[in-house]
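By this note's numbering, the letter at position 402 of the sequence shown is numbered 402, and the numbering carries on one by one without gaps.
FYI, nobody ran anything at the bench for these hints, they're computed from the structure. Each hint should be verified, as a subset may be incorrect.
[To be verified] DSBU-like mimics (lysine-lysine), calculated; alpha carbons at most 35 Å apart, straight line:
{"#": "1", "residue 1": "K602", "residue 2": "K620"}
{"#": "2", "residue 1": "K565", "residue 2": "K595"}
{"#": "3", "residue 1": "K97", "residue 2": "K580"}
{"#": "4", "residue 1": "K311", "residue 2": "K602"}
{"#": "5", "residue 1": "K200", "residue 2": "K353"}
{"#": "6", "residue 1": "K602", "residue 2": "K618"}
{"#": "7", "residue 1": "K313", "residue 2": "K522"}
{"#": "8", "residue 1": "K620", "residue 2": "K607"}
[As the list claims (entries may be wrong)] Simulated DEER-style distance windows between Cβ atoms:
{"#": "9", "residue 1": "K236", "residue 2": "L617", "range": "40 to 48 Å"}
{"#": "10", "residue 1": "V583", "residue 2": "R386", "range": "49 to 57 Å"}
{"#": "11", "residue 1": "R162", "residue 2": "Y403", "range": "47 to 55 Å"}
{"#": "12", "residue 1": "R287", "residue 2": "I355", "range": "52 to 60 Å"}
{"#": "13", "residue 1": "L617", "residue 2": "G468", "range": "50 to 58 Å"}
{"#": "14", "residue 1": "G468", "residue 2": "V117", "range": "21 to 29 Å"}
{"#": "15", "residue 1": "L535", "residue 2": "C154", "range": "49 to 57 Å"}
{"#": "16", "residue 1": "S165", "residue 2": "D320", "range": "38 to 46 Å"}
Bear in mind the structure is a predicted one, so any value in this text is a computation, not a measurement. All C-beta atoms, glycine included, are put in the ideal place defined by N, C-alpha and C.
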Amino acid sequence: MSLSGHRREEETLIEMSVTDDISVLTDFRSPDSAGDESNGALLDNNSITDSELPGNSEIDKHVQSKDSVFFWDGIRRIDFILSYTDETNKEAEKKAKIGIYFAWLGFYTEMLFYAAVVGFFCFLYGWITMDDSISSKEICDPGIGGQIIMCPLCDKRCEFWRLNSTCEPSQYSHMFDNVATLFFAIFMGIWVTLFLEFWKRRQARLEYEWDLVDFEEEQQQLQLRPEYEAKCTDKKKNPVTQEMEPYLPPSSKAVRFCFSGATVLFWVSTFIFLILPLTTHLEYENRLTMKMFLFQFVNYYSSCFYVAFFKGKFVGYPADYTYLFGKWRNEECDPAGCLIELTTQLTIVMAGKQIWGNIQEAFVPWTWNWLKRRKARNHPENLYSRWEQDGDLQTFGGLGLFYEYLEMVVQFGFITLFVASFPLAPLLALLNNILEIRVDSWKLTTQFKRPVAAKAHSIGVWQEILNGIAILSVVTNAFIVAFTSDMIPRLVYYYAYTQDKDMPMSGYISSSLSIFNVTDFKEQSMPTKNDMNVLSCRYRDYRYPPGHGKEYQVTMQYWHILAAKMAFIIIMEHVVFLVKFFVAWLIPDIPSEVKARVKREKFLTQKILHEYELEKLKEKLSNKNQTLSDDKELIATKGKVALSAAM
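Starting from the given sequences, assemble the full structure and let the hints guide the process.
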């Protein structure tokens with residue numbers, strides 16, 4: 001089924017977004033030929049596939065131009081995008097949900113520039129000081145690192161290895177594990193607050209400029225989803241509209257809720273979510289947003305959380321390794337440390353995955369449209385009109401922007417939750433977003449049907465998700481600096497255990513490695529090869545050596561380091577949270593000039609209403625006085641007539 005309508009004239013009193021709503025509601029809610037069923041019920045059996053709005057030849061000419069504006073000025077051309085989404089009126093063109101998405105994406109990209117610059121300089125500091133790291137020098141020194149034999153990293157099959165074999169990885173690790181890392185982690189905690197607060201101000205300004213100050217989503221909250229109406233057989237009076245509307249009894253809803261909550265698999269949960277009837281479009285979008293984000297949170301971030309906080313933390317020591325279910329030995333970190341593994345993983349995600357994602361976003365819809373055009377080549381142009389060609393484009397759908405938001409919010413999580421391990425993440429995100437804006441613009445205007453215009457004064461539930469990520473990022477970065485990097489152990493050694501005041505960090509590597517007697521290996525852990533005839537090996541931990549009264553027990557240095565880590569986490573979290581909340585309190589959500597203009601408009605509105613009511617009252621009193629005067633004249637006339645008759 002397809003809807004088409006007349007194009008708007010240059011001046012009209014009805015916004016195109018309103019006419020779109022009328023068209024869609026007419027399509028989905030008008031009775032069918034039998035007169036007893038809403039067309040919305042046909043959604044379940046796919047009788048209605050899509051509703052397509054008429055095109056705009058003037059816009060199409062720009063879109064088809066090989067000098068398309070999106071490739072050169074896409075980051076600022078929100079108005080052009082909105083004009084393509086049926087918002088061509090000067091007052092209404094900026095009110096679409098698509099507009100607020102591109103406004104948010106553009107602002108997010110602008111703010112990424114500052115984080116990218118600071119992150120790049122932090123990385124540059126690590127790269128410049130890489131050769132000055134005493135720890136790396138000791139590892140690479142054949143007389144120090146070359147003489148230290150390390151214990152095998154796995155049971156039986158792994159061999160003994162020399163510490164200097166990790167020379168290059170240790171140097172690379174220093175580029176990300178240095179003092180600048182701590183500074184950047186604190187900076188990002190403040191940056192994310194500035195981003196969210198300044199976005200609120202930008203959003204408030206857009207609300208005023210787009211005439212959405214008094215806009216509320218009450219209409220969306222009251223508008224029932226056709227899918228919900230199709231699944232409900234009972235009816236109940238709505239206390240707001242005082243009209244009968246479809247109603248699902250609590251007993252039926254409870255069964256579906258329990259059934260929906262019992263599943264954890266993606267496709268199964270998606271299917272259950274579809275059969276769980278949600279009353280309104282707003283409720284449906286919010287519920288879907290939260291469920292999908294929680295799923296993607298686990299899907300994307302679980303591996304990073306594992307590497308950052310679990311891998312290599314509970315392995316035990318050579319005489320008593322920890323085994324899962326008594327069978328599988330817990331995995332150890334790379335010889336250069338877990339931080340370099342986390343950095344490598346983030347590099348793959350922020351570079352390779354994002355590039356592949358943009359290729360998919362552009363290539364997949366273009367391929368499908370190209371295949372459809374090939375099938376339609378036999379149609380003469382006069383029989384295959386332009387709006388029919390547009391009807392063969394990919395459907396953007398009501399949740400089209402949901403996946404765009406999801407992609408960007410997941411990226412936001414990567415550059416905030418784990419940024420302490422990879423200062424270049426904001427830079428890679430910035431480069432990706434510059435391309436993302438243009439890909440989304442090109443895709444929306446050339447590869448998809450024109451979406452139905454809809455008003456939106458904010459990014460909705462995504463704002464709360466961003467706030468949650470911002471708070472969680474402070475905690476994760478504090479734990480990364482404390483437990484994943486070597487910064488705290490180095491500081492403890494520097495201030496409490498150094499033996500050379502001229503070179504305080506000399507000897508740190510040896511102090512961080514404990515000694516183990518090879519004969520103390522358990523049978524299941526004993527390496528099968530010992531070509532170097534090793535009698536003792538070293539492992540990363542703080543334990544007493546063999547032969548000591550507290551053999552293989554943790555040393556006092558271990559407890560000092562643990563106490564320092566916990567103290568650092570508490571101090572960093574409190575400092576960053578204090579600064580965050582102070583900055584949030586200091587920056588008002590609504591600019592003062594916007595507040596003044598809104599108050600001015602409300603004052604003028606009240607003044608006009610007051611003058612109008614006053615004029616109505618004067619007119620009413622004037623009419624009443626005129627009526628009284630006429631009545632007096634009538635009475636006087638009747639009196640004169642009666643007097644004349646009596647005489």
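A quick look at each hint next to the structure:
In summary, the hint linking K602 to K620 is supported, as the alpha carbons are separated by about 27 Å, within the 35 Å threshold. For the given pair, K565 sits about 46 Å from K595 by alpha-carbon distance, which is inconsistent with the 35 Å threshold. For a cut-off of 35 Å, the pair hint linking K97 to K580 stands: about 29 Å separates their Cα positions. Pair hint K311 plus K602 does not hold up; C-alpha atoms about 59 Å apart against a cutoff of 35 Å.
Between the alpha carbons of K200 and K353 the distance comes to roughly 30 Å, so the proposed pair stays at or under 35 Å and holds. Straight-line distance between C-alpha atoms of K602 and K618 comes to about 24 Å, which keeps the hinted pair within the 35 Å bound. The hinted pair formed by K313 and K522 meets the criterion: a straight-line CA distance of about 21 Å does not exceed 35 Å. Taken as a hint, the K620 and K607 pair is honoured in the structure, with Cα atoms around 20 Å apart against an allowance of 35 Å.
Restraint check, K236 to L617: a C-beta distance of roughly 42 Å satisfies the suggested window 40 to 48 Å. For V583 paired with R386, a C-beta distance near 52 Å keeps the hint of 49 to 57 Å intact. R162 and Y403 have their C-beta atoms about 50 Å apart, which keeps the hinted 47 to 55 Å range intact. The hint said 52 to 60 Å for the Cβ distance between R287 and I355, and at roughly 32 Å that hint is violated.
The supplied range of 50 to 58 Å is met by L617 and G468, whose beta-carbon atoms lie about 54 Å from each other. The hinted range of 21 to 29 Å is satisfied by G468 and V117, whose Cβ atoms lie roughly 26 Å apart. Checking the proposed 49 to 57 Å range against L535 and C154 shows it is violated: the Cβ atoms sit about 21 Å from each other. For S165 and D320, the hinted distance range of 38 to 46 Å is not satisfied, since their beta carbons lie about 26 Å from each other.
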